[in-house]
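Student: Starting from the known structure of chain A, fit chain B onto it as the hints suggest.
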Amino acid sequence: MIASLLILGILGLIFGILLTLAHRRLKIEINPLVEKVTNLLPGANCGTCGYGRCISLAEAIVKEEAEPDLCPATEPEIIKKIAQLLGKEARIKEKKTARLLCAGGKKNAKECFSYFGIKDCQAAMLIAGGNLLCKYGCLGFGSCIEACPFEAIKMSEDSLPIIDPEKCKGCGKCVDACPKGLLQLLPLRQKFFVACGSEDKGAATAKNCSVGCIGCQKCVKVCEQDAITIENFLARIDPEKCNNCGKCTEVCPRGVIKQLNYTPTILPPPLRGRIKVRGN
Amino acid sequence: MISNDLNIFLIFLSALLVNNILLIRFIGLCSFFGISQRIESSLGMGAAVTFVMVMSSSVTWLIYNFLLIPFHLQYLRTISFILVIATLVQLVERFIRKYNPTLYQALGIYLPLVTTNCAILAAAFLGIDYHLSFLQNLIYALGISLGYLLAIILFSGLRERIALSPIPKAFKGVPIAFLTASLMSLAFLGFKGLFGL
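In order, the protein sequence lines correspond to chains A and B.
Counting from 1, one number per residue, gives the positions in the first sequence under our numbering.
Counting from 1001, one number per residue, gives the positions in the second sequence under our numbering.
Pulled out of the complex, with its shape left as it was, chain A reads as follows (with noise of 0.2 Å):
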């Protein structure tokens, strides 16, 4: 009785002393204002900064190595308050948001063949580019939703998928998982977007899809701000010239100019928590 419990008593004591040894000696010094910083970042680790976790970039930040508006994620409410902890000026980046240029999905952009292989657009794209008409729509299988670290993106019933602009952080995941290269990151403050990715000739866009852009010049004619142009059959907006007077979308006869439907909030709620945990 005695003799175990002297046995147990030893063993703890050793490995007690021995953990409080290594606690002294492999002691890691973590600058408070580390911790600060990166509970104020959006903490969903998606390495668009190029830093791959949100706490290296705080410590980048901390040792002046990187400017607080590296992170696209971050508001710049708290861009501020992290300048403010480092007792420097902050400089704030404009807002993007990702849109999808089409405005295709099941009802408008027609099939060339049904597709019954892995339900992934990499993979619909290896397949003779796809299974629709139009060598430019959007496939409809989610891989940017799969990429966002935001849960911004819904599949609509369309097999379209919908941007949230207020979850939307404008990190650009999405634009690089998009075989088809049809999210394009613009400024929140530019409204109206061609919906539309289609580089061929009216004739064909107006064949394969009942909501492609056919280069008419209409809104071109009609933009008092010369923001419009047509380059290989496509209509793009300029976001620095034009000014939201929405004249281009009453005349777009195939309805592809659409409007973003987004009035800012003042103050973003928190985001933690609503992250999803990525990986495990």
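Don't take every hint at face value.
[Claimed, not checked] Going by beta-carbon spacing under 8 Å, a handful of chain A positions derived as facing chain B: (1) Met1; (2) Ala3; (3) Ile7; (4) Gly9; (5) Phe15; (6) Leu19; (7) Thr20; (8) Arg24; (9) Ile28; (10) Asp120.
[Stated by the list, open to error] What follows is a list of derived Cβ distance ranges for each label pair: (11) B/Pro1070 <-> A/Leu19: 23 to 29 Å; (12) A/Ile17 <-> B/Ile1153: 36 to 42 Å; (13) A/Ser114 <-> B/Gly1034: 37 to 43 Å; (14) B/Gly1034 <-> A/Glu146: 46 to 52 Å.
I should point out that these hints are in silico values taken from the structure, not numbers from a laboratory.
Don't be surprised by glycine CBs; every beta carbon is placed ideally from N, CA and C.
Tutor: For chain B alone, coordinates are given in the frame of chain A:
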């Protein structure tokens, strides 16, 4: 029982394949299903388990043979072994965090999880139950841990493929993982015919 004059190579193979800890003995299944979605994470877990298992079963062997047996305190082995494992994991965690932060970040939560992995405790017990010598025990623990690594990597490779295949809704996720594991276990049962231990 493994006798004392047994070939070290046979002990190693027995632990690695014939009595694979995950697929034949069914020990340590929680982590086997918990973190086998991706090959990278299962590699990290496998590496952490290998390291801790070899270290801990050596230390527990010493404690059992030189501390517990002389005082006839064999019944204390469970609690003292858990003590050893917990301490070792803590030490290893601190050490890696200090000298290799990149590896620490890669291992992440798996390192502390190793503490509660029953396979580690099982390896310590099995080595003692088979009355192995110190060297044999070391090789046995190495075999068990490499068997763990092998099984979990094979399994996560399968799961990565399964995640992309069209599976009936009722089987998606864990059910198909259970089925896969049982089929893998059947395959490993084939090694039973190699030699008997």
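Student: Evaluate each hint against the coordinates.
Tutor: Results for each hint:
{"no.": "1", "hint": "Met1", "in the structure": "10 Å, violated"}
{"no.": "2", "hint": "Ala3", "in the structure": "5 Å, holds"}
{"no.": "3", "hint": "Ile7", "in the structure": "6 Å, holds"}
{"no.": "4", "hint": "Gly9", "in the structure": "11 Å, violated"}
{"no.": "5", "hint": "Phe15", "in the structure": "4 Å, holds"}
{"no.": "6", "hint": "Leu19", "in the structure": "6 Å, holds"}
{"no.": "7", "hint": "Thr20", "in the structure": "11 Å, violated"}
{"no.": "8", "hint": "Arg24", "in the structure": "10 Å, violated"}
{"no.": "9", "hint": "Ile28", "in the structure": "6 Å, holds"}
{"no.": "10", "hint": "Asp120", "in the structure": "7 Å, holds"}
{"no.": "11", "hint": "B/Pro1070 <-> A/Leu19: 23 to 29 Å", "in the structure": "26 Å, holds"}
{"no.": "12", "hint": "A/Ile17 <-> B/Ile1153: 36 to 42 Å", "in the structure": "38 Å, holds"}
{"no.": "13", "hint": "A/Ser114 <-> B/Gly1034: 37 to 43 Å", "in the structure": "38 Å, holds"}
{"no.": "14", "hint": "B/Gly1034 <-> A/Glu146: 46 to 52 Å", "in the structure": "21 Å, violated"}
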